[in-house]
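Chains as they are written, first to last, in this note's numbering: chain A, 154 to 260; chain B, 12 to 511; chain C, 2 to 646; chain D, 568 to 1031.
I should point out that these hints are in silico values taken from the structure, not numbers from a laboratory. Please read these numbers as outputs of a predicted model, since none were measured by experiment. Treat each hint with caution, since some may be false.
To be verified - If we take Cβ atoms under 8 Å as the criterion, some of the chain B residues that face chain C in the derived model are: (1) Leu380; (2) Met383; (3) Gly402; (4) Leu411; (5) Ala428.
Unchecked claim - Derived pair list, reagent style DSS-like, types lysine-lysine, alpha-carbon separation capped at 30 Å: (6) C:Lys529 <-> C:Lys368; (7) D:Lys663 <-> D:Lys597; (8) D:Lys663 <-> A:Lys241; (9) D:Lys597 <-> A:Lys252; (10) A:Lys241 <-> A:Lys252.
Note that CB positions come from ideal geometry on N, CA and C, so glycine has one too.
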Amino acid sequence: MIPLSHSLTIAALLFVLGLAIILLRRELLFILMGLEVMFNGVALTAIAAGQYWNNPDGQVLTIFLMVVTAAELAVALILVWLAFEHLKTTQVDMLTRLKDDTKGGAP
Amino acid sequence: MNWLLSVLIFLPLSGALMIALTGHNKTIYVRWAALTISTVELSIALGLWWIASPDSDGYLYIVQVPWIPTMGIQFLLGMDGLSLLLVLLTTLLVPIAILVSWRSISHNWSTFAALLLATQAGIIGVFLALDLILFYVFWELMLVPMYFLIGLWGHERRLYAAYKFFLFTVTGSLLMLVAILGLYFIHGEQTGIYTFDYFKLLHTNLSGDTGMWLMLGFFVAFAVKIPLFPIHSWLPDAHTEAPTAGSIILAGLLLKTGAYGLLRFCLPLFPEASIDFAPFAMALGVVGILYGALLALVQEDIKRLIAYSSISHLGFVVFGIYTWNQEGLHGAMLLMLAHGATTSAMFATIGMLEERTGTRLLSCMGGLLSPMPRLGAMLLLFTLSAMGMPGLANFVGEFLVLAGVYQVSASLAIAGAMGIVASAIYLLWMYQRAMLGEQSSDRIWVDLDRREMLILTLLAVTVLWLGLYPAPFLDYLQVPATGIIESNPAIMTGTEDAFR
Amino acid sequence: MSQFLWLIPGSPMLGALIIALLGGYLKQRHFSILASCAAAVAFLTVLLAWLMGAATSQPLQQTLYTWIGVGNWMPTIGFTLDRLALVMVSVVSSIGLLIHIYSITFMAGDSDQRRYYFFLNLFLAGMLLLILADNLLLLYLGWELVGLCSFALIGFWYRDPLRASAGRKAFITTRIGDLSLALGIFLLFNEFNELSVSVLLANATVQWETGSQMPILAALLILGGAIGKSAQLPLQIWLPDAMAGPSPVSALIHAATMVTAGVYLIARTYPLFELAPQVQWSVAAIGTLTIIYGASAALAQNDIKRVLAYSTISQVGYMFLALGCGANALALLHLTTHAFFKALLFLTAGTMIRTNDNEHNIHNLGKRGNHSSLIRWCFLIGAASLAGFPIITAGFYSKEAILTATWSAPTGPLLWAFAAFGSLLTAVYIFRVYFFVFQGSRSGSPMPPIPAPMTWSLSILALASLVVGFVEFPEGWPGLHLWSDWLRDELGSASHPTLATAYSLQFIACVLPLIGIGVALVLVRREKLGFELPLAAFLRTGWNFDALYQIILIRPYFTLARFFKNVEALLIEGTLQKMTRSGMTVATACRDGLEYGVLNKSITGLLAGLRLGHMRLSATQNGLLSRYALMISAGAVFLLGYWLW
Amino acid sequence: MHSADLISLAPFIALILGGLTILALGVWPKPVSTQILTMVAIAFLFLGAVATLFWDAPHEVNGMLVTDNLSRLFTQFFMFGTAVIIILSSGYTPIKNEVREEYLSLLLFSTLGMTLLIASQNLMMAFVGLEILTVPLFALVAWQPARNGAIEGGVKYALLAGFAAAFFLYGTALAYTSAGTIDLTVLGAVTTNAELLAISVTLILVGVGFKLALIPFHMWAPDIYQAAPAPITALFASIAKVAALVFLIRLLCMQLQHIWEALLPLIWMLAVASMVAGNLLALHQQNLKRLLAYSSIAHLGYIFVALAAGNSLGRDAAIYYALTYALMNLGTFAVITAFTRHDQDRQDLEEFRGLGRRHPVLGIAMGVCLLALAGVPPTAGFIAKLIAFGAAIEAGHTILAIIAVLNTALAFYYYLRILNVFYDTNETNLGAAQYSQGTLIIVVTITLLIIAFGIFPEWVLGLI
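So here's chain A without its partners, still in its complex pose (with noise of 0.2 Å):
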């Protein structure tokens, strides 16, 4: 039996290091990875949970958040694609066009 801190711990991992991913990467399809591997590693961290407590609501929780993200990255994936058709690049520095206006004229 691996004890709960151990699989913890991996997942805990497992989040910083899809976290670590989108921070560092500026290829829209990596982020949407990095995206991926944070919820594994909360599906991971419900998985090992609900083997310690002994009840189902973590594999319920694991299947909805399979689901859902599924659901969710599906469209992110789309807008990607778009952005790609329209813009004709997948490059997070590319997409700076709507920031603030700092010039900022005064009153």
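Since chain A is already given, all that's left is putting chains B, C and D on it; use the hints.
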């Protein structure tokens, strides 16, 4: 008759709404409608004045309707002698402001009139409200239309002035809101009754520090409005940039709300803290008197000069309020009225002057008395009143204040009296530069017409009346002043004379 | 009778009101008649009071209403007519009436008579109000009202900025005195909770000890007010400049009435001064100094109106001297005679100036020399009365009495010596003017006729300048002694020297004016034959008048005069100017430093700070997705950090 | 399943049915007019709102959903808000002709997500609600991909929302780890492992904070506000945000009170940061939509001032504030919608110059809404601030209250700046606005509601 108080507030408010919605591009109709509404207001106020007996104890009229009972907020209006007179002043000055703007406001009369009436409603509400939240509501309500009056119809730097005016006052009033809430909860914890009712809150026990902080919260809001040194700097800008009607309302009424707040709320609600604070307040008052007088001397812009003179005069009011004795309080209250009449008359006159000369700079005027003798004579009368000529309005108030201050501290009285001498210096200097000497240009000047004479005559009569026979006003101030004195914990009732 | 008291100040007030309100419907010449009628009503009411026996009865009183009723602060609009007030109202209303009548022709050509008569009537009302006031606040009202009218009338020809400034200077200088009076009122009120003059004085005599601190303070403050109004040292500077106004105004306000308001005030509150002997003595001292100052300065003037102005300063000094010696009745007597002869002198001078194309210089006036005999006689009578020409002039009786009364006061002989010296100077300066203007005048050239109203008022004044003094013959002389007996109850009386001393003093007083006239004659001769003087070189180069009179004056006088002139020019004027300038500097510094520098800058600084904050924060909002995510994670780490800490 | 459950579920079912019906109408062989589709959508929303009246509160459905006064009030309000947005959209020229089955059903589903979120009794339910709320918004932001910045906005929102959802989920998972349950009522009773539970709630707070655009989770907000079509921005700014907020209130103030108390310092700091930074960011902002985004951030700061009080008054204040805040933003964006140009929104403040004069009704409405946002009495915004600051003072957070009022004063500057531009005598050369009657009615209604709630706040306070 109590319901008339609500009428006083809601008539101009609904009038403003009506004019705003129906008056687009109908200047003549709008002018007369606004004038009618404000005149009706005036007659209601006069009627209330006529009916009320000055000897009756406490409040002359009261309206009490629950508003938000869960929070202990009521629609509580009350009119005692002080509010009666200030309401009277308000209802007098608003028709005058409308008349003054008759020709000088060229665009958007409907909005202008609506804003003016809304301001009136706010100011009357401030003078009548006895529920602290209601008071705050009206306090803000009068700010917003005033902001637009300055910001939309003002002179060159109107936006700057309007922002400055609004942000200064709103900061102060929001701090007051914090203090109001603090008072509310402290009272609630002490008695279990959570209410904003002024009368109930009067009996809150406040320990030293808390009371002082709460009092300061109120004081800041009122000090900004008065305005006291060093938070006065919005006033010269606002006065200078505002249209004439705006200046009249500002100088005549808005500044009074601050002093009124001190009288109505600061002293009675926090007597202990106010006693401790009185020396500082009086020091601020005297600094304001001298500082305003000093700065008025070196102003080129005539409206700015009057603005600084207002700071000086309102310093007297604060001075009088914190003496906390009969003479001082009466003087302060009467000076509020007198300053309201005098200064708004000066602004009206200067507005007329400005329409003719197209400038507010003293250096561009001169020798205007001979082409415009009526205007010159009127300006002289109001100038004299402003510098405390006996027999005119300001004198009575200023002298009473000084007599009151003298009983507290002779040296402060001397310093204050210097302010009167200084006022003679800068006002006569102003008058000489504007009216006397060689004529600056040989254009054709038009003296005052009938409408303008009507305005100024009304104000001149008020000024003379206040100066020569103030008894009808003073009688109404007896009860409020005594009430405030009795709230002073240092003076036990009835032993006041022995105390002296 | 008492129910008519209000008419005395009321009728000129009404006159002013009518002129102000209905002036648009009246023609220029109606103003003068209206105003004169108003003055006449006041005068007739006073006359009526005399006839009804006000002189012997108890003080008459009338209260119209309570002016300001706050606690004990209950000043009324109420009048008291006691003997002191009776004398004053008689003088003021009669001279006022005469000057109104005189003005009818004097101002006939002016286009702005409405303003003139408005203020003249208002002045009369104010003056009568201040005399009749039964409480200090109403007195203060009248006090300020006359100051205002003085300001407005000095600057009557306001297009000349110098004149307008002179008015302002007068108003502001006197206002400094008023400030002191106001503080005095506060002090008295604070002590006694009372404003009524009679009650106050009664309380003061009961409650205060002689020589204690409070009465000294109170008396000093009141003295300050009196000094300002009466143009005594050191607040006298406004009066010579005040001559910028029309001559009748100078006669009425700046000679006969307003400047004596200070004398009246001290006489009115004399019990306070008796409680403060030190202050009383300083009244005498100030009076004495002013006598010398005014007389010597008058010697140095060439402008006829300025001579008279300095003379007024000096003569009011006599009244102060009398007050300081406790001889209040005599001060009042001199006030009365002075009012008549000084008004006479001013009106005569005004007529001369008017008929000689606004010529103020005495030398030029002398050279033109076309003066009618009426003018000449009137001026002579006035001058003689001013100089105190023995026996036949009113001035002699009043001034002699004051000199005699001075002797027995504390440090009396010293005061007496100065006063007597002043009296000599008086004769010198006024007869210097007289000789310059009239001696050797050739009546060959045609004279413009003097209109009847002028003639009448001049004649009446001249007569009065001669006879008024007969009410009080010098002590030990046969004749009437009405005045001091009549006023003794109200104003007390000074101690008298022994009869022998009195006689010798009286002799000196008789001789001094004669010597003075002689000196003046010599002076003028030598001046006219200027090259005979030791300093003839100066005469030739100095057609300008300053140099002229400096050279021909006798050396000590000259030095003294210059000294005082310098005192005024350098010390007082200079100080004032410096004060004004430094006030301006401070004000400007305040504006630039505090108002713009600190206050406004702190606001702009705050705004700039907020703006900077906005810019900094706004710059973070750069649209980069990773940055956003980083912020979110940073926030999360921060929040979690709170727990893990 | 009991009939009571069915009644409780009726509004949700109405929304699902509505969305499906509209989708079905879209594939109907005969073309259905846009108007009818709109009508149907509104009808279903109305049905849903009516259905809430039959709730006999409070009722729990299977430990998943709870139907109490709070959820009733806000369910009705969301129905109202969605209806408003539908009406606004149909009068909004850039996408007028695309307000068809996809758009409408996405809106309805999003509303479903909101209602589920606020009624959820279970963290998983909340997550599902949150996602149902969020995912349609991805598409709505990027509606008309050809528009300037639409795709960028969509991508940013999608990725960041996913990122935030990950935090939310991690929090949920940790909460489960700590107590073995994700039922909120049970979680509230558990006292063991309080630290871990607090950490998990903090993570949930991050997820929700993203939705609320609190500082420092706010950076998406201005970009999305700018990118989305005005009616969708209105949705973001008002009901979408309020849904998350109400969930947070339910979570902290009703279910996990002990965690709430433990979290107070964090809430305090979030409140201060949001107020100060939000106002500073808005101060000189020239783009009106971005400016309103920043002002929203500041408003959430004020709401957190109330939450930081940690007492029942604070909770009520937050609820009342949430409602009025949504109303005021709806009003403001309704006016912006009305002022839209034919192909795109007006963004820059300059483009609004002088329009308040030309269109007095819209001008007055904008004035009322902005002044309400600024907190001028007698509008609802004032009462909201009053209660919020009052709660802080009652809890003894005087410093916080003073920071809040100083911020309020600061905020006046930019609200007045907008109004100055609106009422300027000069006029923009971009021409006047063309708006539909429906928009006008919405604007007037909301304006009146704002004033009415200000004068009679008990109408709302009584419902809480």
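Hints, verified against the model:
1. Leu380: Holds, about 6 Å.
2. Met383: 13 Å, violated
3. Gly402: 5 Å, holds
4. Leu411: The hint holds - B:Leu411 has a Cβ within 8 Å of chain C, the shortest such distance being about 6 Å.
5. Ala428: 5 Å, holds
6. C:Lys529 <-> C:Lys368: 11 Å, holds
7. D:Lys663 <-> D:Lys597: Distance of about 20 Å is within 30 Å: holds.
8. D:Lys663 <-> A:Lys241: At roughly 28 Å apart (the allowed maximum being 30 Å), A:Lys241 and D:Lys663 satisfy the hint.
9. D:Lys597 <-> A:Lys252: 44 Å, violated
10. A:Lys241 <-> A:Lys252: Given pair A:Lys241, A:Lys252 holds - Cα atoms ~20 Å apart, limit 30 Å.
Going through the hint list in order, the structure does not satisfy hints 2 and 9.
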